[in-house]
Amino acid sequence: MSFLFAQPEMLGAAATDLASIGSAISTANAAAAAATTRVLAAGADEVSAAVAALFSGHAQTYQALSTQAAAFHQQIVQTLTSTAGAYASAEAANVEQQLLGAINAPTMALLGRPLIGHGADGAPGTGQAGGAGGILYGNGGNGGSGATGQAGGAGGAAG
Numbered sequence: 013m014s015f016l017f018a019q020p021e022m023l024g025a026a027a028t029d030l031a032s033i034g035s036a037i038s039t040a041n042a043a044a045a046a047a048t049t050r051v052l053a054a055g056a057d058e059v060s061a062a063v064a065a066l067f068s069g070h071a072q073t074y075q076a077l078s079t080q081a082a083a084f085h086q087q088i089v090q091t092l093t094s095t096a097g098a099y100a101s102a103e104a105a106n107v108e109q110q111l112l113g114a115i116n117a118p119t120m121a122l123l124g125r126p127l128i129g130h131g132a133d134g135a136p137g138t139g140q141a142g143g144a145g146g147i148l149y150g151n152g153g154n155g156g157s158g159a160t161g162q163a164g165g166a167g168g169a170a171g
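Under the working numbering, think of the first position of the sequence shown as 13, with each following residue one higher.
Bear in mind the hints are in silico, worked out from the structure with no lab data behind them. Built from N, CA and C at the ideal position, the CB exists for glycine as well. One or more of the hints may lead you astray.
[What the hints assert, rightly or not] Just the calculated beta-carbon pair ranges, DEER-fashion:
1) Ile88 with Ala121: 42 to 52 Å
2) Ala81 with Gly55: 27 to 37 Å
3) Ile128 with Ser101: 40 to 50 Å
4) Ala64 with Thr28: 33 to 43 Å
5) Asn106 with Asn41: 34 to 44 Å
6) Ala47 with Ala104: 45 to 55 Å
7) Thr28 with Gly158: 54 to 64 Å
8) Ala98 with Leu77: 26 to 36 Å
9) Ala44 with Ser14: 50 to 60 Å
10) Phe84 with Gln110: 18 to 28 Å
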């Protein structure tokens, strides 16, 4: 099994660094475009004109490929930026769940109800009752729907 460890700050820093590199490359490409895409023939003969046209054609092809590479680069930067945000959100949600678990553990052990939080919904089609909500804060879970000919479950107690 593979594990991935990601630090949102590092992903964000990498995205910023890549954006800076892309900006520098785009600036260099723009500066070189005028001088390389319109190469003048060294002489008035056919060979000089053909060589100049060849180099100009290569430069124009490079500029087209560079534009495509810049678009791909921008997609990578956007993906890294959004991934950093997603990891940060997931980490925050994980910390929240751990904190609620630590707060609710004593009251769950003593009273069978959480101190804070909403109750779980009953399973659909079972008529199962909803879970109790937190004593201080929280709504009881919705009762599960009943099967055909069976009543639905009661909602859970609210805090």
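So which of those numbered hints doesn't the model satisfy?
Violated hints (numbers, rising): 3, 9, 10; every other hint is consistent with the structure.
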